[in-house]
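Novice: The lines below spell out each chain.
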Amino acid sequence: MSNTTGAGGEKRIFLRKASGLIRTAGPFDTFIFNIGLVSVGLGIGTMMYYGPAFYPGGNLVAACIISGVVMSMIAFGMICWSVTLPRSGGIYVFGSRSLAPWLALTLSLVEITTWLFYCAIAAYWIIILGISPTLAMIGYVTGFEWAQNGASAVVQPWPMFLIGSGILVLSGLIIASGMRFYLLTQKIVFSLAMLGSVLLIVVLLSGSHEQFVANFNTLMTPIIGVEDPYNAIITSAAANGWTTEGANWITTIKLSNWSFLPLLGAAFSISIAGEIKSVEKAQTYGMLGAIIMTVVIWLITIPLANSVFGYDFLGSAVYNFWVPGEGVLTTPTDASITLMAGILTNSWLVTLLCSLGLILWMWMWIPGMHTFGVRAMVAWAFDRIAPSALGTISPTRHTPTVAIWIGVVITVIFMALFVFTSYFATVVIMIEAALLAWSIVLLAGVFFPYTRPHIYDKSPIAGKKVFGLPMMTVGCALGFLGSQFYFWALFFDEVAAGHKPDQLALVFGIFLIGIIFFFVMKAYRKSQGIDVNLAFKEIPIE
Amino acid sequence: MSLKNLHFVDEALRLVKEAEAKGVQLRILGSIAYRLHSPKNLHLFAEMERELTDVDFGAYRKQSHAIRDFMIAQRYKANDGMFVGSEGARHIYQHPEWPLHVDVFTDELNYCHPIPFKGRLGLDSPTISTTDLLLEKMQIVEINMKDLKDTMVLLLEHPIGDKSAGRESIDDDYICGIMSSDWGFFYTFTTNLGKVAEFIPQFPTITGAESDMIRGRIKQLIGRLEAAPKSMRWKLRAKIGTRARWYQEVSEKGEIF
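Keeping their order, the protein sequence lines are chains A and B.
The first sequence begins at 11 in my numbering and counts up by one.
The second sequence begins at 824 in my numbering and counts up by one.
Derived from the structure by calculation, the hints contain no laboratory data.
Among the hints, a few may not be true.
Claimed, not checked - Here are the simulated EDC-like pairs of lysine to aspartate or glutamate, each with C-alpha atoms no more than 20 Å apart in a straight line:
#, chain 1, residue 1, chain 2, residue 2
1, A, K287, B, E1078
2, A, K291, B, E1072
3, A, K287, B, E1075
4, B, K900, A, D541
5, A, K291, B, E1078
6, A, K287, B, E965
7, A, K287, B, E1072
8, B, K969, B, E1075
9, A, K468, B, E1078
Stated by the list, open to error - Stretch-level coverage of chain B by chain A, calculated; a stretch enters the list once three of its residues show a Cβ under 8 Å from a Cβ in chain A:
#, segment
10, 902-908
11, 1026-1039
What the hints assert, rightly or not - If you want the ones that stay clear, here's a sample from chain A, every Cβ over 12 Å from chain B, calculated:
#, residue
12, A72
13, E155
14, W168
15, L172
16, L183
17, E220
18, T228
19, T406
20, D467
21, V476
22, A515
23, A533
From the three backbone atoms N, C-alpha and C, an ideal C-beta is built for every residue, glycine too.
Turn these sequences into a full structure, and let the hints guide you.
Specialist: Here is the structure:
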């Protein structure tokens, strides 16, 4: 049978009927998924919050660019993997086809533990960088005591835990309602969050440094109790040890940890690759598009914020908030960028809207990372290295509810750790563990075209070469170098992560849990007559 | 009779009957359904020398778990990844011994254009209704000769809009209702009907009188669709036309996890 064609191509008859599959997420959904996990506003919030304070003298603009370039390298590697093995489940998909089964599971467990941990961090930041400064600003401008009291109250342990847990449970409810509903909510939230970011830029463009200083002093003089509190805060920080002297390119690299951390989200669509249409196009645009758009927005917003609020002031206010010292002065609540924007305009409404935008950006992390964890757990269950109950789906919503609610429980436990213990500083090292896991998988990807040619030859990128090498080899090599770069940048950064003995013990412990879990499951399956290693060898390929 | 795996038809009928006994509603669609709905013209199918490979069913999503339990009890191997990844919208099963795949589509057949099943599975048995069979074929954008020939046989066997024929008649009112609010589906549907008419000569066994009957029914249906009032959404979309993609892209069937 041959094709016949006529005018406009409508007369064509095809040889094969497409009897396949409608996948849920298109290229735009993938872009939204990833940029939501990058969380543009959160990146601005955390860079402007931690950057000037703890990396004084570090170049924020250069940090954004460095992290953007390096994350693009990592994304390139992940794109190659995801296009070659377009399945849902994160690095577990890649590791299970290229590494020993025990290592694949362990790396995946480390990865999703980290992402679930960051769900709880996001809930925590929603409160301290979003809700609290909003209430504070409302209180300062209106004089409403309930707002001022509320700003302090929400950051107390129990209220913070309850609010944060409520946020985490809400994520579970949304994911449990189905992928289409979740993607729809992400599109709506993204639109609103972008409006918040645009508003922030407009506020900064329409304001001036002089206006901010004047407004700040007018508002804060009666609260802080000194004349010219703006400069008084800077002076007291200098006396407290804050200085930009000695800053160099290493300071900037460490500072870039705070722009890199949110950018990691740009590659998170590896968790839903099996549900993406036109995966090569979607993953490329989705990952690289998220990185480029984010960095562009940062490069517009951050210099503006610096020029209006003042780098020294931002650094001093946050530094003094965290570093005790005699006579130190600072803002009564966290000197977040949304609070500063409200002070600039002397408007609690502006703070509310900017905070809402920031809160929505931070919110987008939560169901996204949660989904990542859920997809990995389901993938383990299908390969029978985790209890099959993890793959159970609800009879009404048809979503993997067991995996979803296990994820919620884990995130709530992390929330409790932050709020009720001093363990946070220890647990934050987990991002290094996740990067190490990604490094190992990316390194495996360098050799994949040679170790599994029968799989790679079916990849849409199999025929593409870079400098005579398979594209996947080059992409994953760049990805490996990129992930290693930030592994070590975080390793030597005590603020963002670090390497204290108890932290390293935690990382070692999680890897050990993964290994133990695998061998326990292997023994259990063996008692059922199932050889897990054999199941891995039988994993079907696209 | 030149049709491989004819025993798949018996298996499909058996599954429908035994599922019904368990309170589970399955309705056959696809090539097997076309055969079952065209008893007077089975000889036309014989010429195609087709090999049956799949059994496709329509079902209700609220019965997803019951369907799954039923199929597993029938010793079929379930594709867990598809079930979870599609959130119960689609099931895939493999017969334990034969090269037979069973696809179950719940609440709608969702390919180039979605075809809803809600409230319609009771219209006929053991297959979906003739109306939905026609929609199933005519929603395919990259349509092939097999699909066109199936449609020719269906249109030969079943009148359009003849209420006295009951469930044997293709319900043009229902089709008009769908097409009047969905320009993309209207475009695909009417384009494909045109192809059916055009490619009748490729089927030499169809007599002149039969050819006239098929063409007449196609003309009747297209006429009704074109005359039916259209929604504002339809009209706005029609202005864009095929400059923007008007259908969903269908991937190759593959694993999700």
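Novice: Hints first: check each against the structure and report whether it holds.
Specialist: Results of checking the hints against the structure:
{"no.": "1", "hint": "A:K287 <-> B:E1078", "result": "13 Å, holds"}
{"no.": "2", "hint": "A:K291 <-> B:E1072", "result": "13 Å, holds"}
{"no.": "3", "hint": "A:K287 <-> B:E1075", "result": "10 Å, holds"}
{"no.": "4", "hint": "B:K900 <-> A:D541", "result": "18 Å, holds"}
{"no.": "5", "hint": "A:K291 <-> B:E1078", "result": "19 Å, holds"}
{"no.": "6", "hint": "A:K287 <-> B:E965", "result": "17 Å, holds"}
{"no.": "7", "hint": "A:K287 <-> B:E1072", "result": "8 Å, holds"}
{"no.": "8", "hint": "B:K969 <-> B:E1075", "result": "18 Å, holds"}
{"no.": "9", "hint": "A:K468 <-> B:E1078", "result": "15 Å, holds"}
{"no.": "10", "hint": "902-908", "result": "holds (count 5)"}
{"no.": "11", "hint": "1026-1039", "result": "violated (count 0)"}
{"no.": "12", "hint": "A72", "result": "41 Å, holds"}
{"no.": "13", "hint": "E155", "result": "48 Å, holds"}
{"no.": "14", "hint": "W168", "result": "36 Å, holds"}
{"no.": "15", "hint": "L172", "result": "31 Å, holds"}
{"no.": "16", "hint": "L183", "result": "15 Å, holds"}
{"no.": "17", "hint": "E220", "result": "50 Å, holds"}
{"no.": "18", "hint": "T228", "result": "53 Å, holds"}
{"no.": "19", "hint": "T406", "result": "8 Å, violated"}
{"no.": "20", "hint": "D467", "result": "16 Å, holds"}
{"no.": "21", "hint": "V476", "result": "27 Å, holds"}
{"no.": "22", "hint": "A515", "result": "33 Å, holds"}
{"no.": "23", "hint": "A533", "result": "23 Å, holds"}
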